[in-house]
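J.: So the chains spell out like this:
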Amino acid sequence: MIDNNIEKRIQALHERLIYLKDIFAGKHEDSASLLEERLESFQQRMNAAFVFDPYTDMAALEDLFSYVERRLDNTITPMDRVRIVRHPQRICLRDILENVYDNYTEVGGQDEYSLDPSMLIARAVITRHRGKKTYQQSVMVIGQEKGHGAEYRNGGSVKPWGNAKAMHYMLVAETEGIPIHTYVFTPGSYPIEDYPGAAQQIARNLYGMAGLRVPVIAVFSEGGSGGAEAISLADRRLMLSHGYYSVISPEGAAAIEGHIRPGQRATTKLIEHCASNLHITAQDNLEFGYIDRVIQEPPLGARPWHFEFFRLLRQEVIRATDEVIISTRSLPLLRGLALKRHGSPKADLENLYIRWALSGHSKKRLVDLRQKKFLGLSTSAISDNRPWHTKMWAACVDYVTQPWNSFKYDFYRKHQRKIKVIMEEVDNEWESLKNKLWAPLGKVLQKFEVKKPENYGEQLTTLSTWNHDTRIKRWKYLSPRYKIDQAVTCPNSAEYGCMDLWGPDLFGEFAGVCSYCGYHFPMEPEWVVQNVFDDGSVREFNAEIEARNPLNFPNFSERIAKAQEKNGTRSGCKTFEARIDDIRLVVAMLMGTFRGGSVGAAEGYKFMEAANFALKKRFPFLAYVHGTAGMRIQEGTHALIQMPRCTVAVRRYIEAGGLYVVLYDTNSFAGPVASFLGCSPYQFAVRSSNIGFAGPGVIKETTGIDIPPKYHRSTQALSRGHIQGIWDRRQIRTNLKQALRTIGGRNLYYR
Amino acid sequence: MLNITALLESIRESPYRDNVVVAPHTGRLTFASDISLGQSVTGPTGLWKEKAGTLLAILERERNPKPITALEKGEICALHSELEGQFVQAGTAIATIRHMLTREEVEHIILQQTLHLFAAPERAKYYFIPEVDKKMHASDEPSVKVHPGMELFIMSRMKREVHLNYTGPAGIIYAVYFKHNENIDAGAPLVGICTSEQLPEIQEVIARIKTEWK
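Chains as they are written, first to last, in our numbering: chain A, 872 to 1622; chain B, 183 to 396.
Please note: incorrect hints may appear among the correct ones.
As the list claims (entries may be wrong) - The list that follows gives simulated cross-link-like pairs (lysine-lysine, PhoX-like), each with its CA atoms no further than 20 Å apart: (1) B/K327 <-> B/K341; (2) A/K1581 <-> B/K231; (3) B/K233 <-> A/K1571; (4) A/K1571 <-> B/K231.
As the list claims (entries may be wrong) - To give a feel for the contact side, a few chain A residues facing chain B, derived at Cβ under 10 Å: (5) I1355; (6) D1356; (7) V1359; (8) T1360; (9) M1370; (10) D1371; (11) G1374; (12) D1577; (13) P1579.
These are calculated hints, taken from the structure and not from any lab test. Bear in mind the structure is a predicted one, so any value in this text is a computation, not a measurement. Don't be surprised by glycine CBs; every beta carbon is placed ideally from N, CA and C.
Can you build the whole structure from these sequences, using the hints too?
T.: Laid out in C-alpha cells, this is it:
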C-alpha cells in the first residue's frame, strides 16, 4: 500500500512528464524517456514495497525532474512557447484570481452562465500594510479564461459580446476610480459579425481604453492578435516569460506563407519556421518596446502549483500599478524618488502603501502619458527617407505652428465670430439704407432699360444642348482596363440576368458600375484620388516614408520591393491634403493594390501623422480604404501595435473636435477595421464592398461555421449597424461633400 | 377528373427529366476536357447552393470566357461534341442532362397536379380555428372537410389576429404545409385540398411511391 502523500507526488510527476512530452512534441525524447523510466521504476519499487526511505527517493526523483526541466528550458523554441501557453496545465485566470488577489467576486457571469464564458470579469481585492494599518485596494480584473470549464470557455476566443462586456466593466471601473488589471489569455477573437461584430467591438474597446481615466495594467500570456488588443491598451504591459504575443498564430501565418488551401494543413516545419520568424517571444517584444517588463516563469512555464510564481506576479502587478500612479504625480523630484524606490527588486510592496486614486489633473496626465507611450512606439520599424531639412522641419514645426494655431483657432476665431455678427448687422442696415436712397433713381432708370428679345425658335427646336454632355469627359481618370477590348460578365448575372458589359464602357464611362444591377467592380485607388477631389488640389506628404522588412522575414524584402515598383509608391498608405469645392481636408488612403492593403509600421506611421496633421490644421480627416487585408503579418508585432497606436492618434483627433470619416471600398478586413477604422462614428462604404473581421475561409477554419454568400457585403454591414451608409462610386464626391457639410457643420469642425 | 394512376404510370415509364443545356448567347464553344457522354454530373452544391455544378463547357464571346455548368444532378445523355471550337448561336443545344426523379420529386409532381393549394395571403403565423384544429388532431387520416367560405384559419401577425375564410373547391384537407408558431411567407401554400373521391386513389398512389420508388 503506497502512502497517500507519495501517491499524490507520483501523480504530480506523471503530469509533469505528460506536460514535458506535449510541449516538446516529439523533441528531447531521450530526456523524456529517462524521466519516464525512473518514474516507472520508482513506482514499481513502491508497489513491491522495495523502498526503504520513500521520501528521500521521492525528493531525489523530483530533483531530477527539476534539473531536466531547467536544462530543457534553455532549448525552448518559439513554437514550444506556443504549445506551452495552449497546454491545459498552463495557469489560467481563475488560478491567478485565487493566488494573486486576496479576495474576489466574479461580476461578469458565473461559469457557463455568462454572456460569454470566455471573458471573465471580477472585482478583486489586494491587501497591503503600512505600519499597523491594513489597506484594502480594489481592482477590476478582466481577462480571457481558457480553463476551469474548458468545454464552454471556447479556448479563450472571445465573442464580440464578450468584448463588449469587458468594455462595459472597464467603464464601471472608471466610474468607481479603481485600477484595471487585464490578463490576456487568447489565441484570437471569435471572428463573427453578429452584433456588435468582432471587428467593430475590438475597435470600440481600443478607442475606449485609449481614454480610460484609471490605471490599466495588462499581463500577457497568450497574446493572439486582435483578441489580445481588445483588452491590452494599457499603461504598463507585462508579459510572462513563456508567453507569446503575435499578429497571427504561427499556423495562420504558415497557411498564408505556404498558400494553403481550405481543408489542407501546413507542414510542422513551416509552422515552426513562421513561429521563429514572427519574433513572438517575450524577449523579442521587450526589445521592440511593446512590452514594459517580463515576469520570469519557472522552467517550462508556470503551472497552478507554482505558488512562488504567483507571489512574484502579485508583486509585479502591484509594482506596475504603483508606478503608473506615481508617474502621474506633478512634482518631478518626488515622482523620481518614489519610482526609484518602487522599481527596486528588493522593495517590499506589501508594506508600501500607495493610494490608487487619482485627482482630476492626474487623470489627465495618466491618459496623456498612455497615449504618448503608444504614439512613440515602432518608430525604428520604418525607413524614413525624407530629406534632412524636412525631418528638421517636422521636428520643429510644432514649436512654430502651435502658438500660431492657438492664436488663430482658439483666440481669433472665437472673436472673429462676434465681429462677423456685428459686421453682418451693420451691413444689413447699410443695405436697407442704400435701397431707400436709390429707390427713386431706380424707377427712372427702369423706364430706359432695353429688354433683349427671347429666342423662342431655338428653344422650341432644340431638345438639349450637347455643350453640357459630360458622358465622355465625365471622369478625369480612367482605369487602364478601359483600353482592353473585352466583354465582362457581372458576378450578379445569374441572379439578376445582367447582360455582358463591354470593358471600355464599364471601366470608362460607367466607372466600373454594372449598368443593369449596380454591382461595383473594383477600381484602382487613383480613380478616387483624381475623380473625387478638386483638380490640382492633391498635395501628398510623407511620401518618403518607406515600408521595409523589420523582422528580416525570409524573402519579404523582395516582395515589398515588387509592390513598391508595381504601385509607384513606397508604402501601402498614401497621405495627402486635398479639396472638394474648396473644402480642405486631409486624406489617408490605404491601397488594396499594395500587398493587399496590409498595414505595417510605415502605413501606421503615415496614418498617425495624417491624423496629427489634420488635428494641427483643424481639417476634416478622411480615411479612404481602397482595400485592406489586415495587419502585415511579416512585420509581426511591429504591425500589430499599429492597431492601438493609430486608434490613439484618431482618438486624440476626435477628442480635439475633429471630424473623422471612413469610406470603405473593395475589401476591408481584420486589424485596421478592428481598430482605427472601426472606431470612427461615421463609416460609409462604396456599394459592393466587403467589410468584416475575418474572411469566409478563416471563419470556417476557426469556428466550423459555414457562412452564407455575401456575408460581408456592405449591405449586411449596414444592416448590422456597423456602417452608416452606402454610396454609389459615381456619387462619392457629392456624398462626401454633403457628409462634410452636414456632419461637420458650418466650419467643418464640430466644436 | 385527373387519372392519378395513369399519371404515375406515365412517370414510371420515363422516370427522369431531360434538361437541355443551351448556349446563353453566341460565342465560341469549348467543352470541358473531362466531359463525355454518359458521365455523371452534379448540380450546384453547398448549404446555399453557392458552389457551381460540374463544368460542362466554356463559351467565349468578345474575349470573355464564360463557364457553362450543370444546373442539376444527372447523367449526360447527349453531347454535341461536333460543336467543339465552333461559333454557336444563342439557344443552341450543347448537351442534355438526364436527371432521374427522386421519390420526393415524384410525390411532388403528383400532389401538385391533384391538390388544390390554398396560399398564405401575407407573411404571418397561421393556425387552424379551434374546431378544425381539434378535428385535425383527432384523426391521423385526412378527414376534415372544407367548403368555400368556411372559416378555416387564424392569421396572426404581431398582436393582430384575423380570421381567414377558405376559398376554392370543396374537399378534404390532405396536406398541411405550416407549423405551429412559424412564420409563413406570402404566397406559400398552407394546405392542400383534394376531393373526397380522389382521396383513396391519392393515398394508394403515394403509398405505392413510398414503397416501390427507389
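J.: So, for every hint listed, does it hold in this structure?
T.: Hints and how they fare:
1. B/K327 <-> B/K341: violated (29 Å)
2. A/K1581 <-> B/K231: holds (13 Å)
3. B/K233 <-> A/K1571: holds (15 Å)
4. A/K1571 <-> B/K231: holds (17 Å)
5. I1355: Since chain B brings a Cβ to about 8 Å from A/I1355, closer than 10 Å, the hint holds.
6. D1356: Nearest chain B Cβ about 7 Å off; hint holds.
7. V1359: Holds: closest Cβ of chain B sits about 6 Å from A/V1359, inside 10 Å.
8. T1360: With a closest approach of 6 Å, the A/T1360 hint holds.
9. M1370: At 9 Å from the nearest chain B Cβ, A/M1370 passes the 10 Å test, so the hint holds.
10. D1371: holds (6 Å)
11. G1374: This interface hint holds because 8 Å falls under the 10 Å limit.
12. D1577: Given a least distance of 5 Å, the restraint on A/D1577 holds.
13. P1579: With a closest approach of 5 Å, the A/P1579 hint holds.
Violated hint: 1 only; the structure is consistent with all others.
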